[in-house]
Amino acid sequence: DVKVTQSSRYLVKRTGEKVFLECVQDMDHENMFWYRQDPGLGLRLIYFSYDVKMKEKGDIPEGYSVSREKKERFSLILESASTNQTSMYLCASTTSNDRLFTDTQYFGPGTRLTVL
Amino acid sequence: AQKVTQAQTEISVVEKEDVTLDCVYETRDTTYYLFWYKQPPSGELVFLIRRNSFDEQNEISGRYSWNFQKSTSSFNFTITASQVVDSAVYFCALGQFQGAQKLVFGQGTRLTINP
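Note that the protein sequences, when read in sequence, are chains A and B.
Mapping of the first sequence onto this note's numbering: position 44 corresponds to residue 44, and the numbering continues sequentially without gaps.
Mapping of the second sequence onto this note's numbering: position 97 corresponds to residue 97, and the numbering continues sequentially without gaps.
Just so you know, the hints here were simulated from the structure itself, not pulled from any lab data.
Remember, it's a predicted structure, so these values are computed and weren't measured experimentally.
Be aware that one or more of the hints could be misleading.
[Stated by the list, open to error] Here are the simulated lysine-lysine pairs, DSSO-like style, with alpha carbons at most 27 Å apart:
id, chain 1, residue 1, chain 2, residue 2
1, B, K38, B, K3
2, A, K53, A, K70
3, A, K18, A, K53
4, A, K55, B, K102
5, A, K57, B, K3
6, A, K57, B, K38
7, A, K71, A, K53
8, B, K38, B, K102
9, A, K3, A, K71
10, A, K57, B, K102
11, A, K71, A, K18
12, B, K38, A, K3
13, A, K3, A, K55
14, A, K70, B, K102
15, A, K71, A, K55
16, B, K3, A, K55
17, A, K53, B, K102
18, B, K102, A, K3
19, B, K70, B, K102
20, A, K71, B, K102
21, A, K57, A, K3
22, A, K13, A, K55
Using the sequences provided together with the hints, build the complete structure.
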């Protein structure tokens, strides 16, 4: 069974703090993704990575950065957290970057971040 | 631009009723993929189905069925004889390869099945 884990289910931070959200997958997946989920907006892609040390911007990268030093781990970084970054953050992974979407994206349980 | 619209924000039905969740998508591409995911209260999205743009056959899996109609750009999801365990948020998504796999999600529909 594919397992995608996220370091925290709930996190409360203060405005201006640097925040790290960690995601680990145990199935040797090449691709990893970070989404944020907001009511009425669905999931929106922040960043993704198709290989170690590679990263690509998604649709809403502003205010975020990422790090992928090892294949199994993909970190989302909020350099200076702001209240408008209060959201649910979901990590996902999939086996390969293929055109046919042969394998689905597997999601972690999410981290609900509150920025005060 | 790619877009997915799930116009139903919330649906509430009584157990054993049939319920249909609507999904309308927009894309200019001829090759694309459509997905449905379920998000139970535990949080992680669970994959339900993937359909490619060249396969318009409807699909049935137990109590779940999907109706894909390219003519109306819709990919609707029906649950027959709903159960309380079907309560969740359901997302429709459009997948396109743009140098990498990208999924565009709809807003989600919160489905509540009341006993």
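Hints, one by one, checked against the model:
no.	hint	verdict
1	B/K38 to B/K3	holds, 19 Å
2	A/K53 to A/K70	holds, 8 Å
3	A/K18 to A/K53	holds, 21 Å
4	A/K55 to B/K102	holds, 14 Å
5	A/K57 to B/K3	holds, 18 Å
6	A/K57 to B/K38	holds, 26 Å
7	A/K71 to A/K53	holds, 9 Å
8	B/K38 to B/K102	holds, 18 Å
9	A/K3 to A/K71	holds, 14 Å
10	A/K57 to B/K102	holds, 11 Å
11	A/K71 to A/K18	holds, 23 Å
12	B/K38 to A/K3	holds, 17 Å
13	A/K3 to A/K55	holds, 22 Å
14	A/K70 to B/K102	holds, 22 Å
15	A/K71 to A/K55	holds, 12 Å
16	B/K3 to A/K55	holds, 24 Å
17	A/K53 to B/K102	holds, 19 Å
18	B/K102 to A/K3	holds, 21 Å
19	B/K70 to B/K102	holds, 20 Å
20	A/K71 to B/K102	holds, 19 Å
21	A/K57 to A/K3	holds, 24 Å
22	A/K13 to A/K55	holds, 25 Å
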